[in-house]
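Residue numbers (the working numbering), protein chains in the order written: chain A, 14 to 350; chain B, 14 to 350; chain C, 14 to 350; chain D, 14 to 350.
Any given hint could be a false lead.
Because identical chains cannot be distinguished in the list, a pair is counted as satisfied if it fits within a single copy or across any two copies.
Straight-line Cα separation of at most 30 Å, BS3-like style, residue types lysine-lysine; simulated pairs [claimed, not checked]: (1) Lys213 to Lys19; (2) Lys25 to Lys162; (3) Lys19 to Lys132; (4) Lys132 to Lys25; (5) Lys227 to Lys81; (6) Lys25 to Lys169; (7) Lys273 to Lys19; (8) Lys24 to Lys273; (9) Lys166 to Lys25; (10) Lys24 to Lys169; (11) Lys19 to Lys159.
Keep in mind that the hints were calculated from the coordinates and are not lab data.
Predicted model only: the values in this text are computed from it and were never measured.
Number of protein chains: 4
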Amino acid sequence: MIIVLKPRITKKEEAAVIREIRKLGYTPHIMRGVARTVIGAIGDERTHVSLEPLATWPQVESVTPIQKRYKLVSREAHPSDSTVSARGVAIGGRKVQIMAGPCSVENEKQLLQTAVAVKEAGATILRGGAFKPRTSPYEFQGLGEKGLKLLAKARKETGLPVITELLSENHAEMVADYADILQIGTRNAQNFQLLIAAAKTGKPVLLKRGMCMKTEEWLLAGEYILAHGNPGLLFCERGIRTFDTYTRNTLDLAMVPILKSETHLPVVVDPSQGTGKASLVTAMCKGAIAMGADALLIEVHPNPAEAWSDGAQQVTLDGFRRLMEEIQPFITAVGRE
Amino acid sequence: MIIVLKPRITKKEEAAVIREIRKLGYTPHIMRGVARTVIGAIGDERTHVSLEPLATWPQVESVTPIQKRYKLVSREAHPSDSTVSARGVAIGGRKVQIMAGPCSVENEKQLLQTAVAVKEAGATILRGGAFKPRTSPYEFQGLGEKGLKLLAKARKETGLPVITELLSENHAEMVADYADILQIGTRNAQNFQLLIAAAKTGKPVLLKRGMCMKTEEWLLAGEYILAHGNPGLLFCERGIRTFDTYTRNTLDLAMVPILKSETHLPVVVDPSQGTGKASLVTAMCKGAIAMGADALLIEVHPNPAEAWSDGAQQVTLDGFRRLMEEIQPFITAVGRE
Amino acid sequence: MIIVLKPRITKKEEAAVIREIRKLGYTPHIMRGVARTVIGAIGDERTHVSLEPLATWPQVESVTPIQKRYKLVSREAHPSDSTVSARGVAIGGRKVQIMAGPCSVENEKQLLQTAVAVKEAGATILRGGAFKPRTSPYEFQGLGEKGLKLLAKARKETGLPVITELLSENHAEMVADYADILQIGTRNAQNFQLLIAAAKTGKPVLLKRGMCMKTEEWLLAGEYILAHGNPGLLFCERGIRTFDTYTRNTLDLAMVPILKSETHLPVVVDPSQGTGKASLVTAMCKGAIAMGADALLIEVHPNPAEAWSDGAQQVTLDGFRRLMEEIQPFITAVGRE
Amino acid sequence: MIIVLKPRITKKEEAAVIREIRKLGYTPHIMRGVARTVIGAIGDERTHVSLEPLATWPQVESVTPIQKRYKLVSREAHPSDSTVSARGVAIGGRKVQIMAGPCSVENEKQLLQTAVAVKEAGATILRGGAFKPRTSPYEFQGLGEKGLKLLAKARKETGLPVITELLSENHAEMVADYADILQIGTRNAQNFQLLIAAAKTGKPVLLKRGMCMKTEEWLLAGEYILAHGNPGLLFCERGIRTFDTYTRNTLDLAMVPILKSETHLPVVVDPSQGTGKASLVTAMCKGAIAMGADALLIEVHPNPAEAWSDGAQQVTLDGFRRLMEEIQPFITAVGRE
């Protein structure tokens, strides 16, 4: 920790700060600068109490932590890339994986038709929501376990592993029974109890970025998964909330190279939530792949205008086929399959 | 819903939109303007499927909903003010209620000392966290049930009703057994399963604003509580996340008059989370009261520099006493007690 | 400056950093911590080249400046409060000053009617825009010099000093000839050439906060005024841009106590721009006064529905009279006139 | 315009709204819905007074404009792509143009060395700042006309056209005398007087996005250039300000496809300002190209650690050479040169 003292304080006020630093287990190291006195407090910030509350003292100007707060997810701790596998499909390796399917599972016909079509077009994982977090209590909340059964059926028919959202600690075991990857949505990205419950199932977890989560907070939320014994973590950028209203969210593609440098874990991009507009999805996929994303998560629906949720961001079956063709040159350009 | 068509589309393209509007149960009403054709789709937006996905159609420029999506929380549905009571303390009435206490319950001495001091200074409700949502898995996670027991003990000693945070669906009953008001934190403001679990306990619920929640989203999250049978809802503004880094959050005091106009439910302001700086708390309290807040939620600690969480935003026992004196003229000016 | 080195770098890599710090004129001071080596670079950050680019070096993890970058505006340099006077009206003293008038000057009748009415209701300064910065080139751009002449006439009739916006370096002298205070708008808050031109007129300058300006950036923009020889600076909080769409801007009232602690200069609040909604203006005024604002800037129009700009945020003449009555108790409560 | 009335208002209140709509020159068109009455006000929103102030009336719930406010920049008005040329270099055509050079022009050696190196590596336009907008008045403000002369010299030596920033209306002619493209920086993106002065020089104008500018606002700022008679406009995405502090700005790459659909004008991306970190620049370039950017604007410096401004975001000469090689496959994949 770096503690900056205010100018013109008394010796006694300075001594009190130094005493408190020692009391909390750090070794103070004093530097007298031109305009300020700065104290370096030496000690492991991850095991000691934080000194940040010292900022409330009238003689202290600021307190700044030095160490990174995440460990298990960090590339520092694990320099080589990790891959995460679901039923034999490895995410984070040479092949760019495509997760595709409807926002919500609505019925057998809708799901199977979509599953078959996305597989034919080249998707390698099937997505579909059975439990839906909805802004209003009056909106469709998902088919629940019935939806999970349909996903299992679609997996049987197509061979595609299945990813679906986990909304409730109480459903963790049930969802893990059916799904190959558990998705944690943006609204639950700091629902730490849910993260722990998901981690404990042992299934791979795809952690979406919270809509106003800073980079460090996201890495620390991921740290909860690994710290609770589950190494199978995927980070999924899905757009952040900003002032612009043209798109639903602002897809922060810089997160692809940032995560690649900060963590060893695979990086997924969701261009559907990330823009909220079907017409922008293909362009965002191209960018994400060019920048090094390991996988994409794309919403596809046979008839978006009648979708039970988020129709405006779902591409049609035809649209998805064209998208898969259009992104091919970029997968090649990036040296992947 | 208002559907705006693109200019220069064919009759056939227009007819397709009109057909779809009818198919989804709305009555179309066509207006030909100077530069655009606009269709009003008449029907109850709360019971019909949304027309918003029509925006994916190439001939459609935009789709705008007209109706408010919340009902039970709205002042439209319930023009007079509601009050919410906890052990005889009524929030939303003539008296401005002050909820005060430590961020985390740490031990009996710390809690009782604080509880007695805040009561003496005029606080009417005791706050204290037993379950703590922490950004890092390596930070103190709260005393759990032991903390709840200490809160119950402090209530017995002081007579102050107790508010504490609920973090997990699985703890809803246990926390409700000890607490008089359940607090839902900013990170769980759209954890709908937790909202439902909290609602079902029947205890009053204080719903903090999510850190990037729009006004409508917050009202709809509150709607979950009432729609699940619990009328005892408090909205608590605690700051939103913006680009500025001087304060931890930006306390959006405009929410006080906004909520007073949109909903009949009481409005609470949390200046501690709202700024993250103890030195700003008193000024924010004055503003909140002047603007009509029904209650304040203030973090108080006997020794903030050694607090186990969020020390930088907690005021001392002495500081709290002075704060209570300084806000008095504004309580009078606003015509309350 | 504090330079944090990456873990596991070589002695040679460390030496290169130390050499560069010396080369740029700072004295390095090395602290070996538990997980990182930290170098304090001692030297005046305001007169030396910044070390921040060292962050591009592969062996450097971060570089953090220590010193405050503003000087003349800082309370550190000038502990007592400053007042700024315009034609005998002192802002920053015991009296809360009220600046009121139309968004745009439209014609003589509209302006004089408003000027007389706001004076009667207790306003002490007249506002009105003659040059208008408009989002679209097709919107009304202001009456220009004709508007300035009308403002001068209204001043003559009412005795109220006049504040009006300066938009162009080329108009600085002309606007200063007519106005008593020059207003710099939010879109020009970092138009440094305009700030310099305004400073050089010698007239007091009211500097609105840029809509996404951090606290430090705002103080530094103000520093331009003082550094160019003009001590007559007023900071005016007018709301920042956030994700919420309910209000036009988010009025950041915490800026009142923050500016009061960081600078000696007066603080003004603009609740009209700050919310964009006439119905919220009175409540925001109460909050601003309770928190210590020295002046308010309020838009008033005889018939807002037909205003040539920003009608939705202007209060009527009657509304303004009521507002002035309603804020009175808070002016008393804060111990001012 | 769409005017939504509040529920349960009287006939008289409704009639007043209709009268006012007529008075302001629109034809009202009434639709009675399930929960609300909606009035379509038919008339050209670009030539009539806005009805938005009606939102202040107690019987009105909301007022929503329908028409797009920009015209000359819109693809609606000009369906085919436009190109903008500077000394024979066409931006917006088949070839992706690379603008590269130092943040600030510092001296002849630094500039010429960089100019020669970026040309050799494949850059087609030279960038360099002679007038610098700096957050603090104590920071290096640019060499001024001396810097322009050095740019002209570098152009003579290398044949590369030159882009440089215009900061002041008073410099418009002088800067236009030396430069081939005028750059308007993010802080001046809504400095409309500067936009008009730049337009009038007749030189192509590169308009950076304001750091918190909405899409529509940016297009309207561009409209100022065309409306003042200059068709040579380039839009340059350079990152927006968000809550995350890991990068200096959040580069909003979705703007590439959005601008391609909304306007006929070329789209440039600035990954240096867009991230503030040299280590992220190459990845952002790949994404921008894959998504269809017409040109890139990249900061390059022989020795970033000693740069006089923004060193942390400038790449070295070697780094730029590697960057140019690494982006090549993506230029090919997108079917360009």
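Going through the hints against the structure:
Taking identical chains as interchangeable, the C-alpha atoms of Lys213 and Lys19 are never at most 30 Å apart, the minima being 47 Å within one chain and 33 Å between chains. With identical chains, the CA atoms of Lys25 and Lys162 are never at most 30 Å apart, being 70 Å at best within one copy and 41 Å at best between copies. Taking the shortest alpha-carbon separations for Lys19 and Lys132, neither the intra-copy value of 63 Å nor the inter-copy value of 34 Å comes in at or below 30 Å. For a Cα distance limit of 30 Å, the shortest separation of Lys132 from Lys25 qualifies neither inside one copy, at 72 Å, nor across copies, at 34 Å.
In this assembly of identical chains, the alpha carbons of Lys227 and Lys81 lie at most 30 Å apart whether taken from the same copy (14 Å) or from different copies (25 Å). Within a single copy, Lys25 and Lys169 get their C-alpha atoms no closer than 74 Å, and across copies no closer than 42 Å, so neither meets the 30 Å cut-off. Taking identical chains as interchangeable, the C-alpha atoms of Lys273 and Lys19 lie at most 30 Å apart only when they sit on different chains, with a minimum of 17 Å there against 39 Å within one chain. For the identical chains of this complex, Lys24 and Lys273 are inter-copy neighbours only, at 27 Å across copies versus 47 Å inside a copy, given an alpha-carbon limit of 30 Å.
With identical chains, the CA atoms of Lys166 and Lys25 are never at most 30 Å apart, being 73 Å at best within one copy and 39 Å at best between copies. For the identical chains of this complex, Lys24 and Lys169 are neighbours neither inside a copy (75 Å) nor across copies (45 Å), given an alpha-carbon limit of 30 Å. Proximity of Lys19 and Lys159 under a CA criterion of 30 Å is satisfied in neither setting, with 63 Å inside one chain copy and 40 Å between copies.
Comparing the model with each numbered hint stated earlier shows that hints 1, 2, 3, 4, 6, 9, 10, 11 do not hold.
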